[in-house]
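Read top to bottom, the protein sequences are chains A and B. Counting in numbering that gives the first Met the number 0, the first sequence runs from 0 upward without gaps. Counting in numbering that gives the first Met the number 0, the second sequence runs from 0 upward without gaps.
Because the hints were derived from the structure by calculation, they are not lab data. Any given hint could turn out to be false.
So the derived list for chain B, only partly shown, Cβ under 10 Å to chain A, looks like this [stated by the list, open to error]: (1) Phe3; (2) Gly79; (3) Met83; (4) Thr140; (5) Thr147; (6) Ala149; (7) Asn184; (8) Asn235; (9) Asn276; (10) Ser281.
With a Cα cut of at most 25 Å, we get these calculated DMTMM-like pairs of lysine to aspartate or glutamate [unchecked claim]: (11) Lys133(B) - Glu217(A); (12) Lys133(B) - Asp224(A); (13) Lys27(B) - Asp228(A); (14) Lys130(B) - Glu61(A); (15) Lys5(B) - Asp5(A); (16) Lys226(B) - Glu181(A); (17) Lys146(A) - Asp99(B); (18) Lys226(B) - Asp73(A); (19) Lys226(B) - Glu217(A); (20) Lys226(B) - Glu112(A); (21) Lys76(B) - Glu181(A); (22) Lys27(B) - Asp26(A); (23) Lys26(B) - Glu181(A); (24) Lys130(B) - Asp193(A); (25) Lys197(A) - Asp228(A); (26) Lys226(B) - Asp228(A); (27) Lys226(B) - Glu58(A); (28) Lys26(B) - Asp80(A); (29) Lys26(B) - Asp26(A); (30) Lys130(B) - Asp260(A); (31) Lys59(A) - Glu199(B); (32) Lys116(B) - Glu181(A); (33) Lys34(B) - Asp224(A); (34) Lys226(B) - Glu27(A); (35) Lys26(B) - Asp228(A); (36) Lys301(A) - Glu181(A); (37) Lys118(B) - Glu181(A); (38) Lys27(B) - Asp224(A); (39) Lys116(B) - Asp99(B); (40) Lys27(B) - Glu51(A).
Every residue gets a Cβ at the ideal spot worked out from N, C-alpha and C, and that includes glycine.
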Amino acid sequence: MIRSLDDFARIAREKGPKKLAVLAPEDEEFMLAVKTSWQKGYIEPVLLGNTEKMKRVAEKVEFDIGGFETIVGDDRQGIADLGLSMLFSGKLEIVSKGQIPTSYIYRSIIREENRTGSGMTVSVVSFWEVPGLDHLVALTDTGVSIKPDMKTKAEILKNALFVYRLLGYPKPRIAVLSGQREIGGALVSYRDFDLLRKAAAAGDFGECEILDATSFTEIFLGGRDRPVDYVSMNLARMPHILLVPCLDTGNIICKLDFFLDVTRCSLVATSRGPVCIPARSDSSDNIVEQLAMCVVVTDRMKGEVK
Amino acid sequence: MLRFFKDILDAAKEGGAKKLAAPCAEKKDMDLLSKAAGSGLIIPCLIGDGKAIEGMLKGLPLASLEHEIMEEKDPDKALGRSIMLVREGRADMLMQGSVDHQMLMDAVMDARNGLRKGKLTSYVSIFQLPKPEKLILVTDTFINNNPTLAEKQLILEHAVRLADILGIDAPKVAALAAIEQINLNIPSTVDAAILSKMSERKQFGKAIVEGPLDIDCALSEAAAARKGLRSVVTGNVDIYLVPEIDTGHLLAEALVFFGRLETAGAIMGTTNPVILNVPFVSEENRIVEIAIAALMCRKGEDHA
């Protein structure tokens, strides 16, 4: 079982290097992450982007990129399209975002999935490593669907379950989150929770458990009428997967790592392999952790039929 | 500027005791009221079953402190009488007691007999940040489900007013969204941009609103700079305005359970302060909510 980001790093060292396309590593943090990941034996990079910019930042981080395959391109969408077509045609195993808007990459993934007829809903899974917790927490969808309906949420959940099971958990525990509270009537997010729970009970998602709790208060205190106690507060009840109601919620909560003592790693599991999508504001150390995660996920996806 | 909950308590005590109407108070409310009365914050007016109230008071310091008991066994009527006390100026603030949340809010918002002041009420969560040592406000975390842009304007005005009560001059506001760019398919980014523009035209007084901001840009000046965003707000936010309730409620809870931040809250948009029982506020911090209400009373009719 993979319980921590260290586990990803350890396994990535064993299973790497994997051939990975980096889309526009034109910023020092990204190039430094590529350098470190290559040195650790995680990846064999293929660099796509503006040659001058890539050379300049490579020099700054003292990384000789002369020996790596480099594909020249300035058009952001063109770079994303090319990287994803290489992944889907089997020329490489992972794609990673560099200094390029994520929306371009999502667009390329959706095009490729449509071309292959996979029918796969594209969604982002962001893992949190929380100190003291014996498992990683997957938040989804933190990047693509602005306001998913119940049907889309079901697909998003299936994607997250697929990824989480790759970590070695046959029956993940899930919380379908909602802002449902004592006033304001029934929220759409709460109605979706109810429907997803029924679908899970009917076996739609395979082995898993959707908790009877939609708020953190319910998850951690066991109800909304129990007092908050900072002294005895512990996160042992944390589920494996948190399905968020919408993009605003998902993105805002998952990037609380800028404030909380948690580490975040994000990916899109496409039908042909993972796409690593660090935020443009992430540090190089954090990007390295995210690349290690993708190396392990791609390794474990081999032989899996989605 | 008040930086800690203790500062709020100290400032509130300076203003003298306020009259608090509490319908159908439970034992845990009685403990809180006893503590608040003992601190010189309030003089409780307890409306409910007199015998039951006297039973709960036994052994509490409040029994020997100034208080009033009004007999009214019916919970609906107890709530109505409590609100009437406030409307008539015989009490300064209202506490929820054991009344159901929705019943309380419906009664408060009643156009004829409630405590409604304007078009909308909102809830502001106040967090005590350890580093830097300051108070931050997050809104709306409890009342409004999916506010329109016009409603967000009011919610923000409420928060700015509360910031003023807490001594935060020219508050820096992050109008949060999923991304920091305006995307016409993501309504929160458009609303945030408009609010930001309104702030440029001084429509929120001295408050500086930046939006849309994603949470990383709001929390970190360095993260924002890496995205090419430079603003006095990034990394130094006083007020976080959330797009809707799923985000607001869950964000507030995340700050409590993952960040272990102490929190208290306040309802804004009523004629007099109303103290609501919000599940993620600890029993210890409910006295801070009474203190905030007392500070709001000192601001007179413009409190909320």
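**Request:** Mind checking the alpha carbons of Lys226(B) and Glu27(A) for me, to see if they're no more than 25 Å apart?
**Result:** Roughly 13 Å separates the two Cα atoms, so the pair holds.
**Prompt:** Is the straight-line distance between the alpha-carbon of Lys133(B) and that of Glu217(A) 25 Å or less?
**Reply:** violated (28 Å)
**Message:** Quick check on Gly79(B) please, does its C-beta sit within 10 Å of some C-beta on chain A?
**Reply:** violated (19 Å)
**Asked** Given the proposed pairing of Lys27(B) with Asp224(A), does the C-alpha separation stay at or below 25 Å?
**Response** Within the cut-off at roughly 12 Å; holds.
**Item:** Proposed proximity, Asp224(A) with Lys133(B) (alpha carbon, max 25 Å)
**Value:** Violated, at about 29 Å.
**Message:** Hint check: Lys27(B) vs Glu51(A), CA-CA at most 25 Å. Holds or violated?
**Reply:** Since the Cα atoms of Lys27(B) and Glu51(A) sit roughly 68 Å apart, the hinted pair is violated (cutoff 25 Å).
**Asked** Is it true that the CA of Lys26(B) sits at most 25 Å from the CA of Asp228(A)?
**Response** Judged against 25 Å, a Cα distance of about 18 Å means the pair holds.
**Message:** Between the alpha carbons of Lys26(B) and Asp26(A), is the straight-line distance 25 Å or under?
**Reply:** violated (60 Å)
**Hint consistency between Lys226(B) and Asp228(A) [alpha-carbon to alpha-carbon, up to 25 Å]** = violated (38 Å)
**Message:** Check whether the Cα positions of Lys116(B) and Asp99(B) lie no farther apart than 25 Å.
**Reply:** holds (21 Å)
**Message:** Does Asp228(A) sit within 25 Å of Lys27(B), going by the straight-line distance between their CA atoms?
**Reply:** Distance ~15 Å between Lys27(B) and Asp228(A) Cα, so the pair holds.
**Prompt:** Are the Cα atoms of Lys130(B) and Glu61(A) separated by 25 Å or less?
**Reply:** The given pair, whose Cα atoms are some 35 Å apart, is violated under the 25 Å limit.
In summary, the structure is inconsistent with hints 1, 2, 3, 5, 6, 8, 11, 12, 14, 15, 16, 17, 19, 20, 22, 24, 25, 26, 28, 29, 31, 36 and 40 from the numbered list given earlier, while agreeing with the others.
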